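If you read the sequences in order, they're chains A and B.
Here the first sequence stands for residues 1 to 111, where the numbers follow this note's numbering.
Here the second sequence stands for residues 112 to 224, where the numbers follow this note's numbering.
No lab work stands behind these hints: they were computed from the structure.
Owing to the predicted nature of the structure, the values given are computational and were not obtained by experimental measurement.
Heads up, some of the hints might be wrong.
Computed list of lysine-lysine pairs in BS3-like fashion (alpha-carbon distance at most 30 angstroms, straight line) [stated by the list, open to error]: (1) A:K42 - A:K58; (2) A:K58 - A:K68; (3) B:K114 - B:K168; (4) B:K129 - B:K181; (5) B:K181 - A:K22; (6) B:K124 - B:K207; (7) B:K182 - A:K57; (8) B:K164 - B:K207; (9) B:K181 - B:K124; (10) A:K58 - B:K129; (11) B:K182 - B:K168; (12) B:K114 - B:K124; (13) A:K71 - B:K182; (14) A:K94 - B:K129; (15) B:K182 - A:K94; (16) A:K94 - A:K57; (17) B:K182 - A:K37; (18) B:K168 - A:K57; (19) A:K71 - B:K124; (20) B:K166 - A:K98; (21) B:K168 - A:K58; (22) A:K22 - A:K98; (23) A:K22 - B:K164; (24) B:K114 - A:K57; (25) B:K168 - A:K42; (26) B:K181 - A:K71; (27) B:K181 - A:K58; (28) A:K37 - A:K98; (29) B:K166 - A:K57; (30) A:K94 - B:K124; (31) B:K166 - B:K114; (32) B:K129 - A:K42.
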Amino acid sequence: GENVEQHPSTLSVQEGDSAVIKCTYSDSASNYFPWYKQELGKGPQLIIDIRSNVGEKKDQRIAVTLNKTAKHFSLHITETQPEDSAVYFCAASKGDYKLSFGAGTTVTVRA
Amino acid sequence: DVKVTQSSRYLVKRTGEKVFLECVQDMDHENMFWYRQDPGLGLRLIYFSYDVKMKEKGDIPEGYSVSREKKERFSLILESASTNQTSMYLCASSYKQGGAEAFFGQGTRLTVV
Chain A
1 GENVEQHPST LSVQEGDSAV IKCTYSDSAS NYFPWYKQEL GKGPQLIIDI RSNVGEKKDQ
61 RIAVTLNKTA KHFSLHITET QPEDSAVYFC AASKGDYKLS FGAGTTVTVR A
Chain B
112 DVKVTQSSRY LVKRTGEKVF LECVQDMDHE NMFWYRQDPG LGLRLIYFSY DVKMKEKGDI
172 PEGYSVSREK KERFSLILES ASTNQTSMYL CASSYKQGGA EAFFGQGTRL TVV
C-alpha cells in the first residue's frame with residue numbers, strides 16, 4: 001500500500017519566518033495530496049490540497065509544491081504567526097476514498 | 112458549515128468492556144470513516160463506509176467493528192476493549208467522489224484501564 005513519510009516531526013520557528021514541511025510518497029499512482037492542520041483539542045481541517053496535474057498551488061501565506069518525478073510534496077508557510085502553531089499532516093490518495101497520512105509535524109511559532 | 116459530531120470527548124473504560132463510539136454528520140455525505148491517531152503514527156484508517164449498511168476494512172480493523180444503519184450516523188464498536196486500544200479516535204465524512212475533502216470530528220480520547 002501507499003507509504004507517506006513526513007519530515008520534520010517537530011519544527012520551531014520565529015514569528016515572521018517561513019516554515020517548510022516535506023513529505024514523500026511511494027505509490028506513483030497517487031494523484032491527490034491534501035494537507036490538514038490540527039489545532040489543540042480539535043480534529044484535523046483541510047488547509048490546502050494539490051492534484052497531480054498541478055506543480056504548485058498558493059492560498060495567501062500557504063503554498064504547496066509537488067514533484068511527481070521525485071514523489072515528494074511540500075507545504076510552505078510564509079510570515080508565520082502564532083495561530084499557525086498546530087500539528088500538520090500530509091496525505092496522499094489515488095483519487096479514491098483512501099487517504100494515507102504522514103506521521104505529522106508539530107509546528108511551534110515563537111513570539 | 113459541515114458538522115461532524117462525536118458523542119464523547121473523553122471516555123474511560125475497563126478492559127473487556129464493550130465500547131461504542133458514535134459519530135453523526137449533517138452534510139448528507141456518502142462516505143464516513145473511523146481513524147485512530149497515535150503519536151508518531153499519524154492517522155490510521157480503521158473502517159470506512161460508503162453507504163448505509165456498507166463497510167470496508169481499513170488498515171487496522173482488528174479488534175473493531177462498525178455499524179451504519181442510517182446515512183448520517185457511523186458507530187465504532189470495540190467488542191472487548193484492551194489497553195492497546197487506548198488512543199484518540201477520529202470520525203470523518205466526505206462526498207462520494209474521489210479526492211473529496213474529508214471533514215473531521217473533534218475526536219474521542221479513549222482510555223482503557
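For each hint, the structure was consulted:
Distance check on the hinted pair: A:K42 and A:K58 sit about 24 angstroms apart at the alpha-carbon level, within 30 angstroms; holds. For the given pair, A:K58 sits about 18 angstroms from A:K68 by alpha-carbon distance, which is consistent with the 30 angstroms threshold. This hinted pair checks out: B:K114 and B:K168 have alpha carbons roughly 24 angstroms apart, not beyond 30 angstroms. Note on B:K129 and B:K181: the hinted pairing holds, with a Cα-Cα distance of about 21 angstroms set against a maximum of 30 angstroms.
About 39 angstroms separates the Cα atoms of B:K181 and A:K22, which puts this hinted pair outside 30 angstroms; it is violated. About 34 angstroms separates the Cα atoms of B:K124 and B:K207, which puts this hinted pair outside 30 angstroms; it is violated. A C-alpha spacing of about 34 angstroms is found between B:K182 and A:K57, which places the hinted pair above 30 angstroms, so the restraint is violated. Proximity of B:K164 to B:K207 is assessed by CA-CA distance (about 15 angstroms); at most 30 angstroms being required, the pair is judged to hold.
This hinted pair checks out: B:K181 and B:K124 have alpha carbons roughly 26 angstroms apart, not beyond 30 angstroms. A distance of roughly 46 angstroms separates the Cα atoms of A:K58 and B:K129; the hinted pair therefore is violated under the 30 angstroms criterion. Distance hint between B:K182 and B:K168 is fulfilled; the C-alpha atoms sit about 18 angstroms from each other, no more than 30 angstroms. About 27 angstroms separates the Cα atoms of B:K114 and B:K124, which keeps this hinted pair within 30 angstroms; it holds.
For the hint pairing A:K71 with B:K182, the CA-to-CA distance comes to about 36 angstroms; that exceeds 30 angstroms, so the pair is violated. A distance of roughly 35 angstroms separates the Cα atoms of A:K94 and B:K129; the hinted pair therefore is violated under the 30 angstroms criterion. Only pairs whose Cα atoms come within 30 angstroms are accepted, and B:K182 paired with A:K94 is accepted, the gap being roughly 25 angstroms. About 19 angstroms separates the Cα atoms of A:K94 and A:K57, which keeps this hinted pair within 30 angstroms; it holds.
Note on B:K182 and A:K37: the hinted pairing holds, with a Cα-Cα distance of about 27 angstroms set against a maximum of 30 angstroms. A distance of roughly 33 angstroms separates the Cα atoms of B:K168 and A:K57; the hinted pair therefore is violated under the 30 angstroms criterion. With a CA separation close to 42 angstroms, the supplied pair A:K71 and B:K124 exceeds the 30 angstroms bound. Only pairs whose Cα atoms come within 30 angstroms are accepted, and B:K166 paired with A:K98 is accepted, the gap being roughly 13 angstroms.
For the hint pairing B:K168 with A:K58, the CA-to-CA distance comes to about 35 angstroms; that exceeds 30 angstroms, so the pair is violated. This hinted pair checks out: A:K22 and A:K98 have alpha carbons roughly 21 angstroms apart, not beyond 30 angstroms. In summary, the hint linking A:K22 to B:K164 is not supported, as the alpha carbons are separated by about 38 angstroms, beyond the 30 angstroms threshold. A distance of roughly 27 angstroms separates the Cα atoms of B:K114 and A:K57; the hinted pair therefore holds under the 30 angstroms criterion.
Taken as a hint, the B:K168 and A:K42 pair is honoured in the structure, with Cα atoms around 25 angstroms apart against an allowance of 30 angstroms. Straight-line distance between C-alpha atoms of B:K181 and A:K71 comes to about 39 angstroms, which puts the hinted pair past the 30 angstroms bound. For the suggested pair B:K181 and A:K58, the alpha carbons sit about 38 angstroms apart, so the restraint of at most 30 angstroms is broken. Pair hint A:K37 plus A:K98 holds up; C-alpha atoms about 18 angstroms apart against a cutoff of 30 angstroms.
Note on B:K166 and A:K57: the hinted pairing is violated, with a Cα-Cα distance of about 34 angstroms set against a maximum of 30 angstroms. As the CA atoms of A:K94 and B:K124 are separated by approximately 37 angstroms, the hinted pair breaks the 30 angstroms bound. Our distance criterion of 30 angstroms between C-alpha atoms is met by B:K166 and B:K114, whose separation comes to about 22 angstroms. For the hint pairing B:K129 with A:K42, the CA-to-CA distance comes to about 26 angstroms; that is within 30 angstroms, so the pair holds.
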